[in-house]
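There are 2 protein chains.
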Amino acid sequence: MPRTAAALVIGNEILSGKIVDTNTTFLARGLFELGIELRRVVVCPDEVETIGSELSQLREGYDLVFTSGGVGPTHDDVTIEGVAASFGRPVVQSEAVANMIRHYYGDRVTDAHLRMANMPEGAEMIRSSEAPWPTVVIENVFVLPGVPEIFELKFTDLRKRLDDGAEFHSHAVFTMSGEGEIASLLQRIAEAFPGVMVGSYVKWKVDDYRTKVTFDGKDEEAVRKAADTLVGELAPNVFVRRE
Amino acid sequence: MPRTAAALVIGNEILSGKIVDTNTTFLARGLFELGIELRRVVVCPDEVETIGSELSQLREGYDLVFTSGGVGPTHDDVTIEGVAASFGRPVVQSEAVANMIRHYYGDRVTDAHLRMANMPEGAEMIRSSEAPWPTVVIENVFVLPGVPEIFELKFTDLRKRLDDGAEFHSHAVFTMSGEGEIASLLQRIAEAFPGVMVGSYVKWKVDDYRTKVTFDGKDEEAVRKAADTLVGELAPNVFVRRE
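Sequence lines, in order, name chains A and B.
Just remember that our numbering sits 2 ahead of the position in the first sequence, which is counted from 1.
Just remember that our numbering sits 2 ahead of the position in the second sequence, which is counted from 1.
Zero decoy hints are in this set.
Computed list of lysine to aspartate or glutamate pairs in EDC-like fashion (alpha-carbon distance at most 20 Å, straight line):
#, chain 1, residue 1, chain 2, residue 2
1, A, K20, B, E35
2, B, K20, A, E222
3, B, K220, B, E245
4, A, K214, A, E193
Pairwise CB distance ranges (calculated):
#, chain 1, residue 1, chain 2, residue 2, range
5, B, R190, A, E151, 25 to 33 Å
6, B, T24, A, R5, 25 to 33 Å
7, B, Y106, A, R91, 55 to 63 Å
It should be emphasised that the hints constitute simulated quantities derived from the structure, not laboratory data.
Where a beta carbon is used, it is the ideal one built from N, C-alpha and C, also for glycine.
Here chain A stands alone, though its shape is the one from the complex (with noise of 0.2 Å):
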């Protein structure tokens, strides 16, 4: 079975649509990479009861679980507080984190500033060369900043302490196919191929292919016979290519 993961994105700007999310993505496409299926992303408001309860929903259904956002100096950055409220932990402040925080503001340093050294007590920091600012994680929980830039950051620098080495293997083939006309063959390979995902993708503005089937999966082998029987099914005048 692959490792089970969860998102937890953070933000009244996201909900109102101020600013669009792409650490998502970001994360969806780490996590195939290194095998681990993403099965869940909620998007809730900067409210620390609304982050805590949701928390104890992912971190109890999925192996991993990442939160995105709400860990900067001002009011509405509540995140530690709901991990903390998910986990009920008091919320400390770690020495070295301030410490890190008052020689790079030096004079400037406020209170606010030292909102990012709290952390829910107990919880472990992580820090690299590539990511000397301590990424918090606490048990199965992995807590990312959401300014983009950051969040890529630090989590291509957990890639390392996530692998496992079972990667996913992808196929795709394009048709000139309709999705509608290829359906039912679709759904008997996806059946014949049980753990082969079958997904497909219709070109909206169509010009050299018209849907694109793509087959994902852990068997390197039955991932390519999956692609194999679709290519041998299409007639030569709708197969575009293979990839």
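Guided by the hints, dock chain B onto chain A, whose structure is given.
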């Protein structure tokens, strides 16, 4: 109290990062403009039981629920079955929609195409001259397709139905101050104007400003006064502009 909304985004292709979900942002912006508060978004896989249980939670907790995706002709398009499961109703074929599909595809029509005429028993169908293919609505649940062009067309069409004239008003103040420097000031303003949502957004690569502060709410005067307060407190050398 503003009306609340939630979204259920359905699709393995989003959870694996193959497709970037743009519908959530489009929906979030549209609801915000209508003064409807989007409070929760859940992304889940193409599984009847999962869709059913997620939807049951959402439709009980929020005034309006929008689903995106999983309504095409292929084996993994199971949203209608999931919606029907949530309501405990059977799936039936709409004769009117089936006839539209037969007319559209002519001799090429397949059983897979006709799956798109399925809906939960007793569902309402909304159509208009702008969006001739009907949108399935059942109680407070609006079932929208995943293809962004059609999602946007259908939601734009639904806006007239959802509009109760209660808009949000928005001001923005741009400053060279960092978030940490103005955090306590923003907290005071948020407390002084409880009906106004105060948000702050750091620009990662600083050029003309460092932090954008947003003020949103239904009370036009309160929103303006909250923004006035910030402008009045910022030193002239860090105030950049106001929108």
